[in-house]
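Chains as they are written, first to last, in the working numbering: chain A, 1 to 545; chain B, 1 to 116.
Just so you know, the hints here were simulated from the structure itself, not pulled from any lab data. All values reported here derive from a predicted model rather than from experimental measurement. Be careful, since some hints might not be right.
Stated by the list, open to error - Computed from the model, here is a short list of chain A residues facing chain B with C-beta under 8 Å: (1) 210; (2) 342; (3) 347; (4) 355.
What the hints assert, rightly or not - Not everything, but these chain B residues come out facing chain A in the computed CB check (under 7 Å): (5) 20; (6) 67; (7) 72; (8) 74; (9) 75; (10) 78; (11) 81; (12) 82; (13) 84; (14) 88; (15) 89.
All C-beta atoms in this analysis are idealised placements derived from N, C-alpha and C, irrespective of residue type, glycine included.
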Amino acid sequence: MKDGLRQSMAWVHTWSGLLVCWLLLLVFMGGTASYYRHEITFWMKPELHKAAGAQSIITPAQSTALALRELQERAPKATRWTIDLPEERNPLILATWQNPPKKGMTREERRDAFRKQNFSLDPATGLQTAAPRDSRGGEFLYRLHFDLYYMSAIWGRWIVGVAAMFMLVAIVSGVITHKRIFKDFFTFRPRKGQRSWLDAHNVTAVLALPFHLMITYTGLVTLMFMYMPAATKVLYGTEQNVMFGEVFGNAERTKPAKVPAPLADLAPMLAQAERAWGVAPARVAVSHPNDAAARVELYRPSGKQLSNIEPSMTFDGVSGALLSQTEPVSTTLAARAAIYGLHVAHFADPLLRALFFVCGLAGCAMVATGALLWGVKERQAYAKVVAKGGRVGFGVRLVDALNIGAIAGLPIAFAAYFWANRLLPVEMAQRSNAEANWFFIAWGAAAILAQIRPTRAMWRFQLMVGAVLMAGIPVLNVFTTQSHLGVTLFGGAGLGKVAAFDLVVLLLGALLGWAAWWLGHKAKQKAVAKQPASKTGTTSNMEAA
Amino acid sequence: MSLLIGSSVALAFSAFAAKGIVMDRHYADLHGRGTAPAPALRQRMRTLAWLGLALSFAACIGASGWHIGPVLWCGVLSIAAWTVAVMLQYAPRKVAQGAWIGIPAALVASVLLLLH
Numbered sequence: 001m002k003d004g005l006r007q008s009m010a011w012v013h014t015w016s017g018l019l020v021c022w023l024l025l026l027v028f029m030g031g032t033a034s035y036y037r038h039e040i041t042f043w044m045k046p047e048l049h050k051a052a053g054a055q056s057i058i059t060p061a062q063s064t065a066l067a068l069r070e071l072q073e074r075a076p077k078a079t080r081w082t083i084d085l086p087e088e089r090n091p092l093i094l095a096t097w098q099n100p101p102k103k104g105m106t107r108e109e110r111r112d113a114f115r116k117q118n119f120s121l122d123p124a125t126g127l128q129t130a131a132p133r134d135s136r137g138g139e140f141l142y143r144l145h146f147d148l149y150y151m152s153a154i155w156g157r158w159i160v161g162v163a164a165m166f167m168l169v170a171i172v173s174g175v176i177t178h179k180r181i182f183k184d185f186f187t188f189r190p191r192k193g194q195r196s197w198l199d200a201h202n203v204t205a206v207l208a209l210p211f212h213l214m215i216t217y218t219g220l221v222t223l224m225f226m227y228m229p230a231a232t233k234v235l236y237g238t239e240q241n242v243m244f245g246e247v248f249g250n251a252e253r254t255k256p257a258k259v260p261a262p263l264a265d266l267a268p269m270l271a272q273a274e275r276a277w278g279v280a281p282a283r284v285a286v287s288h289p290n291d292a293a294a295r296v297e298l299y300r301p302s303g304k305q306l307s308n309i310e311p312s313m314t315f316d317g318v319s320g321a322l323l324s325q326t327e328p329v330s331t332t333l334a335a336r337a338a339i340y341g342l343h344v345a346h347f348a349d350p351l352l353r354a355l356f357f358v359c360g361l362a363g364c365a366m367v368a369t370g371a372l373l374w375g376v377k378e379r380q381a382y383a384k385v386v387a388k389g390g391r392v393g394f395g396v397r398l399v400d401a402l403n404i405g406a407i408a409g410l411p412i413a414f415a416a417y418f419w420a421n422r423l424l425p426v427e428m429a430q431r432s433n434a435e436a437n438w439f440f441i442a443w444g445a446a447a448i449l450a451q452i453r454p455t456r457a458m459w460r461f462q463l464m465v466g467a468v469l470m471a472g473i474p475v476l477n478v479f480t481t482q483s484h485l486g487v488t489l490f491g492g493a494g495l496g497k498v499a500a501f502d503l504v505v506l507l508l509g510a511l512l513g514w515a516a517w518w519l520g521h522k523a524k525q526k527a528v529a530k531q532p533a534s535k536t537g538t539t540s541n542m543e544a545a
Numbered sequence: 001m002s003l004l005i006g007s008s009v010a011l012a013f014s015a016f017a018a019k020g021i022v023m024d025r026h027y028a029d030l031h032g033r034g035t036a037p038a039p040a041l042r043q044r045m046r047t048l049a050w051l052g053l054a055l056s057f058a059a060c061i062g063a064s065g066w067h068i069g070p071v072l073w074c075g076v077l078s079i080a081a082w083t084v085a086v087m088l089q090y091a092p093r094k095v096a097q098g099a100w101i102g103i104p105a106a107l108v109a110s111v112l113l114l115l116h
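Isolated chain A, as found in the complex (with noise of 0.2 Å):
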């Protein structure tokens, strides 16, 4: 039994990556993704993008002004207003309303009826946008890496959860079986076969190692109360809000009194907030407005601490005093906040959240290389039958066939719903869902075509799908839209981020083009090596690359 715990942690390792590392590249690829998921919503929604150019010039004061006399005007009798004030990641004034439920109706149909109740203001102007195009944006692709798509977001989140405990397993069982953990730590050694795809999982897995395993970890704990209720079942029963209510506070709702009296002035209360936190909070919400019960509440904006629990401030709404402040929290909770933000990264400035996306990246190519080492290893056994002409196994033709789908075939999907954002009618109905459905034709047509021929051809062509279709996105730009990079590169600050999505996406296009290339590259070398052999029309690929 020498090297016994190091072996079994191989097989672990083996079988726990690779039962889930197609789903969990989706997640992956959703995941890193949604970093710019506001980036990318307003990407989306290229209506908004005329008033962004414009400098604010605007204090908070005048923006909250301007939009709840907007809302007073559209919204009066709603039990909740949110505005959100213009800011680095967010150019323009956002307003929602929530209106009291009417009796009958379904949960999805609030939702749908929730999506409707908003509006932008131009900070320049105070004018209101042109209307945007009904699309989800990044929220789409936020939702997809923990909800899937197609279930209730119940099983999604069961499906991702058990994948994500796979990860946890993978990657602790990775760490004991990797025998030369610190003499290969910077070892890359490319053109060496499946030498050269096993150090490009160790690079990409062990040198951001901190940033895989706290990802795994903290997605786990953002849905721990799902995962693992007992404790909460044990003191609370079928009354789970109650928890939510106690342990968060969030949840606390006042009563409206039903007596009519007038909205204080916000003004003093946003100075006051700006006098306590030294800066002017992002987010302003207002519940049962014109009612005597009327609460203001306060946000500071992220950026100073990982907690994803931000300072608020509470105020009376007809009055004007401060009520309450939030108070400093227990230290589990601020422990989970802190677990929380981890995660989801609102903190983050422009440097570091470029560094999340990045490690993110990293992490998709882990997962991929990963992958693509079990085929190449399980190949070799089928060294000698495929030199005589014979075919792999079932298994190998299987996971080949995933991985082209998978690898080759997600950046084709991600790519397809951004086409289909620019490219469907604007006024078409269900909009948002027509582009959702692209996302997974385009997908499952890639899917399909893999299973039928999972061949180096078939790498090659998807790769290079995926490759016109990304690095195409900022061409389609310039005939669909006014913002493109022509324009985009040389306008004002607030269209930076429609520039620097374009440039995103036209480098993965040109890395997948290059590894397109690249493959045909190889295949040429190798059949000018192999010139003398005889001619053999099997489905090899990779095995050499």
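Please build the complex by placing chain B on the supplied structure of chain A, with the hints as guidance.
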């Protein structure tokens, strides 16, 4: 603040480079097959590497505080380590030369941290 982060990246790169160029495989790449670094040299480089990493951590804390600083440092470490790994393969001599950047970076970081 950006100067502190910059020097933190340079320090992390320099530390990993110092560690990398005395590792068996990479030392042999640089100095010819079969050569091995003297134990004293290896020890010295390792000490310098740990010092560099510690100072790079301090610079991150100085730049972003105790909340965000450690997270930033992890990202900085990953970027620096990938750079060293790729350079050791494609331009190993540049790693040995580039490692010197740690000295001015250490000076800049120390001065900024003391002024803080």
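Going down the list of hints, with the structure as the test:
no. : hint : verdict
1   : 210  : holds, 4 Å
2   : 342  : holds, 7 Å
3   : 347  : holds, 6 Å
4   : 355  : holds, 3 Å
5   : 20   : holds, 5 Å
6   : 67   : holds, 5 Å
7   : 72   : holds, 6 Å
8   : 74   : holds, 4 Å
9   : 75   : holds, 3 Å
10  : 78   : holds, 4 Å
11  : 81   : holds, 4 Å
12  : 82   : holds, 6 Å
13  : 84   : holds, 5 Å
14  : 88   : holds, 5 Å
15  : 89   : holds, 5 Å
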